[in-house]
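Undergrad: As a plain string of letters, each chain reads:
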Amino acid sequence: MASVPAVPEGEAAHPPPRPADAGFRRWMRSGAIVRWLGFTGAWIPTLMLAFILVILFTKAWPAIQINGWGFFTKSVWHTGNQYGKTVTSHGITYVEGQEYGAVPQIVGTLETSAIALIIAVPVSIGAALVVVERLPRRLASVVGGFLELLAGIPSVVIGLWGVLTFGPFIAKYIAPVLTHIPIPFFQGDVGHGQGLLVSGLVLAVMVIPIVASTARDLIRQVPLLPREGAVALGMSDAECARRVTLPWVGSGLIGAVVLGLGRALGETIAVAMVCGVSLGHVATNLYDAMITIAANIVQNLETVITDPLGVRTYAELALVLLVITLLTNVVARLLVRRVSGTALPVGRGL
Amino acid sequence: MAKPMRKLLAVAALAPVVVLAACGSSGSSTPTSSPAAGSSGKTTISETGSTLLLPLISAWQVEYGTLKPDVLITTSGTGSGTGIADAAAGTVNIGGSDAYLSPSETSQFPGLLNIPLSVAALNINYNLPGVKKPLNLNGTVLAKIYTGKITAWNDPAIAALNKGVSLPSTKIVTLHRGDSSGSTFLFTSYMNSQAPSLWSSSNIGTTISWPNLPGATAETGSGAMVKGCGAIKGCIAYIGISYLSQTTAAGLGTASLANKSGKFEQPSTSTINAALATFSGSTPVSGSQSLINGTAGYPIINYEYAIVKTKQASSAEATAVKNFLTWGITSGSTSKYLTPVNFVALPSNVLTISRNLVAKISS
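Order-wise, the sequence lines are chains A and B. If you're matching positions, the first sequence starts at -15 in my numbering and goes up one per residue. If you're matching positions, the second sequence starts at 2 in my numbering and goes up one per residue.
The hints are simulated quantities; they were obtained by calculation from the structure and are not laboratory data. Ideal Cβ positions, reconstructed from N, Cα and C, are used throughout, including at glycine. Incorrect hints may have been included.
As the list claims (entries may be wrong) - Just so you have them, the derived chain B footprint on chain A, three or more residues with Cβ under 8 Å:
#1 56 to 64
#2 73 to 84
#3 256 to 263
#4 287 to 300
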């Protein structure tokens, strides 16, 4: 076929493409495409965030008006009797008896993330230090590889493990020990492997690989010279890590922790499986059933999906989660600025 | 040459149906990959919704697939709410639901039908290995258990209903569904119907704020309720009757529940039929009716519904949906299909109502 030079009649309407002319080639070479792509690429994330915020806000607006400030002060979640009377206000018609106060979910989201970070941050940084400074190179690469593999485990798998194995194990062996701590929050019925503690621990398992692998890459970048200097001054390994290595990458470490926090705040399915789903009250001890915003959305959106107020309330909930995540990010950025501005004890001029 | 070739192609085209059907009978869901109808002369009917209804729909799917090879049926257990929403949006042909459409849904989505398919029941199960005789329970005691007013199995209120049974002092652990569930709706409706002062009507629904009880546990899906209750001594749970063989295998007891006349009944075909007889005469032409707390028979029963849009995307789909539903409520409602899931067939007057509703489907 290729040897036939004549253009078939059917294609006469579509002339063959002209060879790229000089102008086009110059335009290609000038980098305009790259610039254009870069420009678009830079704007897309910004526009997406704005788009999501605007859509969520407009969707949620009637719910924001109807739920009012009670949404942030009450601990109640009544989806209403779907077979009850309907009322119309603020432009939507919905069944009466609905009442929404998201305090347990907001508190639950923050509590589980806090537990996860309290456990994950020291463990991750310790692991990263050991991998970089202590382990022989070959073993370090194996351990590092496993850390990254751990980060890649789908959260639903971790949730399954949490609900079938890890939760019951904690309830049977770990929680009874914790109840001896003389703080009221640590005392109470340890339950059967669902609740605040297990949710926090499951999140920690998911956060550790993220923080640890980032911290490892950061610590690797600390030059040898200042560390040698520290040892020469007679510092112990621990002192060297605390006074030289970690401050050197302090802002980066905070960035790593923020990454982990983002994962913890937004993690959905694993928490939904082990939290115990308690929509109406804030956990009174470490083992109580609880709920996070994300877990509530995935578990119960279905109930209200055909109710105009209910579905808008879930939009409001999503908006709250988004704002919490954005706020923590902003706070973390401020922290990073502070740390990198003044807290570096070691001169950078090395 | 051409003929065997065509045969081979036909077998190849059938293979996915057989695979899907096999999945449907063993697992809880089958993928809802729905290629556009007509591309291979096949019509695809998709169903999503109630997990209580799923075992029956899956059995129908297997049988119907062999009867009508030109119709491909996909099913998926997503929960009743999603079933209704998907059917309303037109993304699926049939939404499976444990509950009829609410007035607010009917006004939002005119042209959406709820067609009774079969009659199901909800069991109250408990894990008390020492207690062999089925326990008697009523809505008042259940409401007190689920609000934490009764915390041990040998509570006087439970003992009063079970004279002569030696009850252990085991602590009661309440299980409830963590996900949105038609079972939760039926269970809370029963408690409210029997004990409105203890269980308010604002706490009826597929998702509710459960009172905070120490050790209370939430499970996702009926299967997880069976598993969770089997693992916790002293637990109490509400599980659809289609899981009866599994709850029995897990060593769970099934409570006899008080009906409106105060008589305690075990869930069975005869008690479901007895309860049905008190309601079915008054089932409206729309098919929407609550069957909770009847004066006779087992008190927590319900119609399982197919939620269908009157106007289907094409006449081929409309015909296929009509034929499938008609087959389901007639040939599909024999003991061969209903006994394994412990459902009961529609009474004849409700069957007529369902037939009339099916006849409204068009394109």
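Undergrad: All hints, please: hold or fail.
TA: Now for the hints, and whether the structure bears them out:
1. Beta-carbon proximity to chain B at under 8 Å applies to 5 residues in the stretch 56 to 64 of chain A; the threshold of 3 is reached and the given coverage holds.
2. For the stretch 73 to 84 of chain A, the stated coverage by chain B holds: 5 residues have a C-beta nearer than 8 Å to a C-beta of that chain, and at least 3 were required.
3. Closer than 8 Å: that is the beta-carbon criterion, and the stretch 256 to 263 of chain A has 7 residues meeting it against chain B, so the requirement of 3 holds.
4. With 6 residues having a beta carbon nearer than 8 Å to a beta carbon of chain B, the stretch 287 to 300 of chain A meets the requirement of three or more and the stated coverage holds.
Hint compliance for this structure: no hint is broken.
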